[in-house]
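Make a model of the complete structure from these sequences and hints.
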Amino acid sequence: MSKTIETVDDVVIRFAGDSGDGMQLTGTQFTNTTALVGNDLSTLPDYPAEIRAPAGTLFGVSSFQLRFSSWDILTPGDQPDVLVAMNPAALKVHLKDLKKSGLILANTDSFDDKNLALAGFPENPLVDDSLHEYQVIEVPITKLTLNALQGIGLSQKEMVRCKNFFALGLMYWMYSRPMEPTESWIKQKFGSEPKIAEANDKALKAGYYYGESTEVFASRFEVKPAQLNPGLYRNITGNEATALGVVAAAKKAGIPLFYASYPITPASDILHNLSGYKNYGVKTFQAEDEIAAAGVAVGAAYAGNLAVTGTSGPGAALKSETISLGVMLELPLVIVDVQRGGPSTGLPTKTEQSDLLFVMYGRDGEAPAPVIAAATPADCFHMAYEAARIAVKYMTPVYLLTDGYLGNGSEPWLVPDSKDLPAIPVTFRTDPENFHPYARNENNVRPWALPGTPGLEHRIGGLEKANITGNVSYDPDNHDFMVHLRAEKVAGIAKDIPLQEVYGEQNGELLVVSWGGTFGAVRSTVDKMRKKGYKLSHAHLRYLNPFPRNLGEILKSFEKIFVPEINLGQLAQLLRSEYLIDVVQFNKVRGLPLRSMELEQAIVKTLEANPAQGKRS
Amino acid sequence: MAGTNGNGEAVKQSPAQPKKYTAKDFASDQDVRWCPGCGDYSVLAQVQRILPDLDVPKEKQIFISGIGCSSRFPYYMNAYGVHGIHGRAPAIASGVKSANPDLTVWVATGDGDALSIGGNHFIHAMRRNIGLKILMFNNRIYGLTKGQYSPTSELGKKSKSSPFGSIDYPFNPVQLSLGAEGTFVARSMDRDPKHLQQVLLRAGKHDGTAFVEIFQNCNVFNDGAYLLYTEKETRSDNVLFIEHGKPLVFGKDNDKGIKLEGFTPKVVSLKDGKHSISDLLVYDETAYELAVLVATFGDRPGFPVPIGVFFQIHRESYEKMMTDQIEAVTKKRGNGDLDKLLKSGNTWVVTAN
Ligand code: SF4
Numbered sequence: 001m002s003k004t005i006e007t008v009d010d011v012v013i014r015f016a017g018d019s020g021d022g023m024q025l026t027g028t029q030f031t032n033t034t035a036l037v038g039n040d041l042s043t044l045p046d047y048p049a050e051i052r053a054p055a056g057t058l059f060g061v062s063s064f065q066l067r068f069s070s071w072d073i074l075t076p077g078d079q080p081d082v083l084v085a086m087n088p089a090a091l092k093v094h095l096k097d098l099k100k101s102g103l104i105l106a107n108t109d110s111f112d113d114k115n116l117a118l119a120g121f122p123e124n125p126l127v128d129d130s131l132h133e134y135q136v137i138e139v140p141i142t143k144l145t146l147n148a149l150q151g152i153g154l155s156q157k158e159m160v161r162c163k164n165f166f167a168l169g170l171m172y173w174m175y176s177r178p179m180e181p182t183e184s185w186i187k188q189k190f191g192s193e194p195k196i197a198e199a200n201d202k203a204l205k206a207g208y209y210y211g212e213s214t215e216v217f218a219s220r221f222e223v224k225p226a227q228l229n230p231g232l233y234r235n236i237t238g239n240e241a242t243a244l245g246v247v248a249a250a251k252k253a254g255i256p257l258f259y260a261s262y263p264i265t266p267a268s269d270i271l272h273n274l275s276g277y278k279n280y281g282v283k284t285f286q287a288e289d290e291i292a293a294a295g296v297a298v299g300a301a302y303a304g305n306l307a308v309t310g311t312s313g314p315g316a317a318l319k320s321e322t323i324s325l326g327v328m329l330e331l332p333l334v335i336v337d338v339q340r341g342g343p344s345t346g347l348p349t350k351t352e353q354s355d356l357l358f359v360m361y362g363r364d365g366e367a368p369a370p371v372i373a374a375a376t377p378a379d380c381f382h383m384a385y386e387a388a389r390i391a392v393k394y395m396t397p398v399y400l401l402t403d404g405y406l407g408n409g410s411e412p413w414l415v416p417d418s419k420d421l422p423a424i425p426v427t428f429r430t431d432p433e434n435f436h437p438y439a440r441n442e443n444n445v446r447p448w449a450l451p452g453t454p455g456l457e458h459r460i461g462g463l464e465k466a467n468i469t470g471n472v473s474y475d476p477d478n479h480d481f482m483v484h485l486r487a488e489k490v491a492g493i494a495k496d497i498p499l500q501e502v503y504g505e506q507n508g509e510l511l512v513v514s515w516g517g518t519f520g521a522v523r524s525t526v527d528k529m530r531k532k533g534y535k536l537s538h539a540h541l542r543y544l545n546p547f548p549r550n551l552g553e554i555l556k557s558f559e560k561i562f563v564p565e566i567n568l569g570q571l572a573q574l575l576r577s578e579y580l581i582d583v584v585q586f587n588k589v590r591g592l593p594l595r596s597m598e599l600e601q602a603i604v605k606t607l608e609a610n611p612a613q614g615k616r617s
Numbered sequence: 618m619a620g621t622n623g624n625g626e627a628v629k630q631s632p633a634q635p636k637k638y639t640a641k642d643f644a645s646d647q648d649v650r651w652c653p654g655c656g657d658y659s660v661l662a663q664v665q666r667i668l669p670d671l672d673v674p675k676e677k678q679i680f681i682s683g684i685g686c687s688s689r690f691p692y693y694m695n696a697y698g699v700h701g702i703h704g705r706a707p708a709i710a711s712g713v714k715s716a717n718p719d720l721t722v723w724v725a726t727g728d729g730d731a732l733s734i735g736g737n738h739f740i741h742a743m744r745r746n747i748g749l750k751i752l753m754f755n756n757r758i759y760g761l762t763k764g765q766y767s768p769t770s771e772l773g774k775k776s777k778s779s780p781f782g783s784i785d786y787p788f789n790p791v792q793l794s795l796g797a798e799g800t801f802v803a804r805s806m807d808r809d810p811k812h813l814q815q816v817l818l819r820a821g822k823h824d825g826t827a828f829v830e831i832f833q834n835c836n837v838f839n840d841g842a843y844l845l846y847t848e849k850e851t852r853s854d855n856v857l858f859i860e861h862g863k864p865l866v867f868g869k870d871n872d873k874g875i876k877l878e879g880f881t882p883k884v885v886s887l888k889d890g891k892h893s894i895s896d897l898l899v900y901d902e903t904a905y906e907l908a909v910l911v912a913t914f915g916d917r918p919g920f921p922v923p924i925g926v927f928f929q930i931h932r933e934s935y936e937k938m939m940t941d942q943i944e945a946v947t948k949k950r951g952n953g954d955l956d957k958l959l960k961s962g963n964t965w966v967v968t969a970n
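Quick note, the sequences are listed as chains A and B, same order. Residues in the first sequence are numbered consecutively from 1, following our numbering. Residues in the second sequence are numbered consecutively from 618, following our numbering.
Take every hint as true, because none was put in to throw you off.
Estimated spans, in silico, between C-beta atoms of each pair: (1) B:822 / A:275: 30 to 36 Å; (2) A:51 / B:796: 27 to 33 Å; (3) B:957 / A:495: 34 to 40 Å; (4) A:275 / B:775: 47 to 53 Å; (5) A:495 / B:640: 46 to 52 Å; (6) B:849 / A:275: 54 to 60 Å; (7) B:849 / A:441: 56 to 62 Å; (8) A:344 / B:824: 41 to 47 Å; (9) B:798 / A:597: 53 to 59 Å; (10) A:483 / B:906: 53 to 59 Å; (11) B:798 / A:598: 51 to 57 Å.
I should point out that these hints are in silico values taken from the structure, not numbers from a laboratory. This one's a predicted model, so the numbers in the text were calculated from it and none came from an experiment. Ideal Cβ positions, reconstructed from N, Cα and C, are used throughout, including at glycine.
Laid out in C-alpha cells, this is it:
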C-alpha cells in the first residue's frame, strides 16, 4: 500500500533504552545516514556511567538524541518530536522532555510487569490513558524481530539483541532514509560473524518493511537536504575532531605528534583515535596515571615533539603540578580538558563548563597559561590546531577546553584542505654560537633546543632561573622580574589571536557573552529572539586567556551583559575582575546543554528589568 | 682516528666517530652544592668517569631528576639535563626516551623521590622496560627536607618526624624492582668507587630499564648508615659481592659461603672442614628466582648484604617496540596522507547551486 509523504523541515528524535540495548549504535547509524542524505544535524548522546547497569532500571537508561534539518542548525534541540522507548524505564526518564503531542514509539514487548515495576509505573501507561497528550505507536519490536529471524540459527538471546536494528529500520522508513549505508556498515563490522551480520541486516529490513506494510502508520516524512556551503563534508564528533586537529598541526609543523594520556571519560576517545594513526608518525603513550601522562608529555616536548595530553576535570587536577613545571621550563604542550560534571567523580558521562577557573588559576605559584575553548564539535578541530600553534610559537603549555557534549556530540564538518590550514613554523636552535637557553625573541619566547644537538648541552629545571642564561637563581629581583616576564609573555599572545566578533548590532542594550560548548544553544536562542524583534547581540568567546584585545571595548558598548554558563558563573567572574563591569549571570548545572526556552525566558527578564538592576555599581 | 689526505693535510675526525672524552668533559661549570663529605660527590665522580667508556657523544646524554639532594645531579653534568618535580623523573624521562630513542637517558633519584612520591612511575618504568638508567641514591633518610625517615629507613628509625621511632616497614629496593619486572637490577656503594664504576658502566650499556641502588651516606642526617658495609674492618664479614658464575663467598679471607638447603639459604663456614667451595650456591644473574632469593639476604639475620648485579636479561625495550610498531603499520598502510585522513569516514559532497 502506498502512504503519503509529508515534508517537514526539522526533526528531533531521541532513541532511548537500556544501556545494553544498543541505543548509541542505533543513534550513530541514523546520524551517519542522515549526514549522507545531506541534512544538517546535531547530536546529543547521553549514557549512564555504569557500563551495564541492571536491565530495566531508570538509572540504566541510555539515550541518543539527534536533530536533523533542511536548514542550518546549531543544537540537538530541547524537546524531541519523537521518542523511541525500548522499555518502560526509557519512557519514564524521557517523557518529560517530549514535545506535547509528540510521538512515542514504544516496544510493547518490554512493557511487562517486571519492567513496569522497575520503572516505577503502578499501571501500564500504554493502557491507562496517561499518555493521551501524545501520539503513541505500539510496536511489539522484540516479537517482530524474533519472527523475522526464525530459522537463522542464532540463540534466542542473540536474536533479541538485534531488535535495535528493527527499530532503526522502522525509523529509516518513517523518515525516508536509505538503508544502504547501514547495510554496508553491518557487512564490514560483522564480516567475521556472517550469521550476526545476516541477522542484523534482516532485522533492519524487517523494521523498514513493517513500516511500509502495517496499518499503524498513516504517513511518513521527508526532510529535504540542507543548503550547506559547498564542499566535502564529514560527520564528526568533538573528540575525533580534536584528534585530527593535533595530527594536522603536527604535520603542518613538520614534527611528530606525541599524545600521552590516561584513560578518563569523556576524553578517552581522543586516545582511541590517535592510537590508530600510527602511520601518520603519531606516538601514543598510555601512562600509568594522569600525572605520568603530563610528565611524559613534558619529556616529549623537551625532545622536540608536538606533545599533547588529554584528560577531564579530575585528571586536570592531577596534572596541575606538572603543568606548572611546563610553565617554568617554557616548553610547548597542549592540555585538552574534556570537561565533565564535577566536583570529584561527579557526573562523569555528562557535560559541564566548570573547569574554566581551574585551568586559569589551578596551578601552584604564578603560572600563567593560555586557555582557549572550542564552540562546536567540528570547531574542536580548529581550536586543537590553534592550541598547538600557540604552544609552539610561544613555548608554553596551552589549555584547550572542550566538554562532554562537544566531545561525544557530532555535526557535519566542512573538511578543510590541508594546504589551507595556517602554517605552524617551528625552528629548533642548532647554532651553539651565543646560545642561551633562556634568551628571548621579540615575543619573549625562548629557543627550543633539543637534546641531541651538539654544542647546546644545557640544564633546565623547576627552580627559578636567571633570564637568558637559565642558571638557577635565588635573587629576589630576578624572581620578581621572571614572574612578570612569564605573565607578559602569555598576555602578549593577545596580539596574535583574532579580534572578538559580535553577532548582531555592535552596541546596544544587551550583549549575551558565552564561551565553549554552549555556542549552539546561545546563538540559536539569540537568533530566534532577534527574529521576534528583540534587540540583543551575541559574543561567543573562544579565547579565554588572554581575552581578545577588543573585548573590553565591546563590553562597554552594551548596557547589560548577560552571561549564560553551565557552572556557577566562572566566565562572569573573569569578566568582572578583568573589566570591572557587572554582568547578569544565568547558570544551569544539570550536566546537559542549556535549553533554549529557559535561556530565552532569562534573557527576556533581563531585558525587561530596569537598566540599573543588571549593574551593581 | 685522525689521518691525512693526499696533500698531507690533517683530516678532521669523522663526526660518526665520537671523540674520546675524559671525565672532565662531563663536569659542568656549576658549583657543586652538596654538603661537604656527602656520598653524592662520589656518585657524581664515578658517573663522570665511566661516561667516556660508553662511547656516546655528550649531546646524546641526558640526565633527568626529581626533587631531593640527589636530584641536583643534572646541574653538575655537562650534558643535557632536566631537574623535574618530586617523583616524576621516570615519567619525564620516559617521554624523552620514547620521543627520541637515540638519546642515552639517565634518571638521578633518591629513596624518597623514587620509592615514595614517585613509586608509581618507578615501578611502571621498570614494567615497560623503557631505556632509562635509574640511579637511586639510597641514604635512607630525607636530606633536603632536613631529616625525616624515608621508605627505606629501618623500622624504629628515630628521625625528626619519628622521635619515638618510625612504625613504617621499609622497602627493599632490589626486591621491589625485581617484582616490577626490572631487566637490570644492581646495587653498589658510594664508598666503593671501583665497584660502582663497573656497575654503572654495565647499567649504561643495558638495553631497557637499568636500576642501580647506590648505598649513599648522608653525613648530615643519617651518618654511618652503611658503615658496617663500607669500613675495612667490618666490610668483608657483612658484604657479599655477587658475581655471575661465581660461588657466594664472603668473609675475612673468604672463609664463609652461602649454600642452599632446599629453598633455605644457609651461611656456612669454609673453615670448619664440613663445607667446601663446591657446596656453595653459584650465582647466575639470569636466574630470576635466585635474584629474588639473594635480594632477601640483607634482611636475614646473620647474612651479609649482597652487592653487585642481581639480575640482567634481555627483553625488547618499550621504545624499540614503539618504533617497530609505527614502522610496521606504516609499511602496511603506507605513509599517512593528511588530506586522506581528514577526508576519511562518512563523507558527502554538497555542490553549489
Ligand atoms: S643533606 Fe645529606 S644527602 Fe643531602 S647533600 Fe647533605 S649530606 Fe648529602
